[in-house]
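Given the structure of chain Y, go ahead and fit chain A onto it with the hints provided.
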Amino acid sequence: MADVARRLSIGFPRMHKEVGERRDFLPPLLARLVARGAEIRVEKGIGSGMGYTDEDYLALGDHVRLVSQAEAFAQDIVVVLRCPDETELDLVRPGTALISMLHFPTRPERVARLRHQRVEAVAIDQIVDDDGHRLVEESHAVAWNGIEAAFDALAVTYPAMTQGDRPPVRVTIMGAGSIGRHAAEAATKYGNQERAAELLRAGVPGVEVVTIGRNLTSDARYLHERLCLTDVLVDTTERSDPSTPLIPNDWIELLPEHAVICDCVVDPYQLDTDPPTVRGIEGIPQGDLDSYVFAVDDPAWDTTVPSGIPHDHRRTVVSCYSWPGVHPEPCMELYGAQLTPLLETLIERGGVDALRLDGSFHERALARACLRHWHEPAGR
Amino acid sequence: MGPMKVGLPRMHKETGERRDFLPPFVAALCRDGATEVVLERDYGRSMDMEPAAYLELDPRVRFADHREVFDQDVVVVLRCPSEEAVAWMRPGALLVSMLHFPTRPSRIQMLDAAGVNALSLDSVRDDTGRRLVENLAAVGWNGVEAAFKEYAKIHPTFAHPSRRPLRVTCLGSGAVGGYAAHAATRYGDPQLRADMVAKNVPGVEVTVVDFDLTWHEDYMLTRLEQTDILIDATSRIDPSRPVIPNPWVAALPEEAVILDLSSDPYLPEADPPLVKGIEGVPHGDLDRWVFTPEDPAWDQQPDAVDTTHRRTALSCYAWPGIHPSTCMQVYGEQIEPFMTLVLSMPVAEWDERHGTHDVRAAARGELSRWRM
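Chain order of the listed sequences is Y and A. Per the working numbering, the very first residue in the first sequence carries number 6; after that it's consecutive. Per the working numbering, the very first residue in the second sequence carries number 739; after that it's consecutive.
With the rest of the complex left out, here is chain Y (with noise of 0.2 Å):
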């Protein structure tokens, strides 16, 4: 085992998308690897968006250096979060291993560049266990920083909000599943456990948390009602039908003029697909990590919605393609923890062409969620 796990290499690429993409693996994660036998070869200047220098990386030892973006792509494991453009793709070997967030499902295109480029994909988003339970996720860390730049941007938008003698902030969550769940517990905290702990000994009222699911936010009548007595709305919805909106734009009218929505979702609109896709909630801007808070007379409400898209009814919005990248060093542990024995097991097997869909807890988790065994669905 050892001397076959020695042979493999891991490269860490990093993520240019954006100024201000700043997560990269951390070296706790590293020094794992080192130390169940792998080769590691990380991209220059890894780690700097957070403050970590070349020589935290060095300082693992001699089984890590500093390579160039293409050498760290040229591995025999190649592990980046976000999945890699059409240039940087154009780096990876066939045979290689690349794991990354792939969305296999909703991604044909993607599908077919890496069968044909051969190269032998593991979709993070799709490491499930044996329940279908996502092993590598941060609906936490979304909804988390999502709620607080709402409060963020409330705190703005309705300076009463500290305020002792005002009454309870009532948030309203669409969406009950695995970010709803977060969202409710961080709407509590007003999404920043220190500024809970403040306004509780100030003797401030805290938050009225209402969760509705799909059975509610189709019921025109009573969301109605509901959006009147909202202070802070929250999409956190998975919706069966994309190309309809939960709330038309001319329903954010009701939301009193304070009023913050927190788009945890992020759907894009895609008006060239059959049906179109539209966001939940109509009219909103699009955010990302370069600028994610929109007041009502933000361009952005006229630069990133179509034309043809009602946007004339606005509020403030926060929204982000990537949430968890807001705190990059928190999400970075996280994913760096929930990758740790994936890793581990696929440097035991000695790769991703040892992997059995019968073998041990994470061996088969990998497997699953390799290109080689994922079927597109009847029909497409």
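Rather than coming from a laboratory, the hints here were simulated on the basis of the structure. Beta carbons are placed, not taken as given, at the ideal position from N, Cα and C, and that holds for glycine. Do not rely on the hints blindly, as some may be mistaken.
Distance ranges between label pairs, derived from CB positions [stated by the list, open to error]: (1) Y:D363 with A:D1089: 26 to 34 Å; (2) A:D1089 with Y:C233: 54 to 62 Å; (3) A:V935 with Y:D135: 24 to 32 Å.
What follows is chain A alone, placed relative to chain Y:
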């Protein structure tokens, strides 16, 4: 590793305790190299498993009486066995169970006295401190499902399209509260929810409040007046004080239902005495978890507990156990990697710092290392 024989005893604390590990878990033990898997007679019978379902897995599987099952190299049982049963174990054997070391010092003494080593499943944690063997989803979903069933019995219009949306108030927004809120938006039963949607019956509004509002009496009394099902999913810092004192229960509509998911006990002998989060609610178990206002159980609470105001209440010490097969499927899958380890590496070699993920996690739950 030398030959390892594994014993799987049944749990006899309550008649309603029907949980046993399922055949896939036993098959995994054989696959991992157990030289014998000894099951207590009638293992799985309460979940309608025939003996053949286990015996046909592998010739190394056999049945034996309760005592002999404990006389093996490794004993795996979800709930902690009695002191008598632990005494039957071989010195040096390993007990794998939910042992709750931090809150059960007498249990550690019992294990020491028997010379038994132990892996406490509730202390098996990953590098971030997250428990790897737990079933909080079942606590939330099973309790909420039971609560809606009782609510439906009390309310003839439960499934009628003309009724207003139902109002659930959930105290506590932690992990159990999160699952409970999710379950409540679906009546605790996805099929029932689909039926209700098909009939255009208005859904469920779930209001979640945490300790930054539960202290606010005026707010809480108003909220309770508007509550059809009240859920206690709190994890209190001070369990000597209820979140809902019994007089507040009077604010609930007469036909409201109370659901206790925290399962905190009354401990009148503790200093200070401990009470449930909703004062007066009886403490249930797998034999009985529904208590109508007339139920004699309300009168059997400790003297200092006020039970004047009553509603139909549900409480169970082990909510996951009311759906035993589903529960044991989850636990089996969670425990399996650690049994692979138990059967492949001597406990003395588990390295909490430099081992693999599973070794590190298991080492955190092993008694001698936990004690350090």
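| query | Is the gap between the beta carbons of V935 of chain A and D135 of chain Y within 24 to 32 Å? | reply | The hinted range 24 to 32 Å holds for V935 of chain A and D135 of chain Y, with Cβ atoms some 29 Å apart.
| task | Could you say whether the range 26 to 34 Å given as a hint is met by the Cβ separation of D363 of chain Y and D1089 of chain A? | result | With a Cβ separation near 28 Å, D363 of chain Y and D1089 of chain A satisfy 26 to 34 Å, so the hint holds.
| Between D1089 of chain A and C233 of chain Y, does the beta-carbon spacing fit 54 to 62 Å? | 59 Å, holds
The structure agrees with every numbered hint stated previously.
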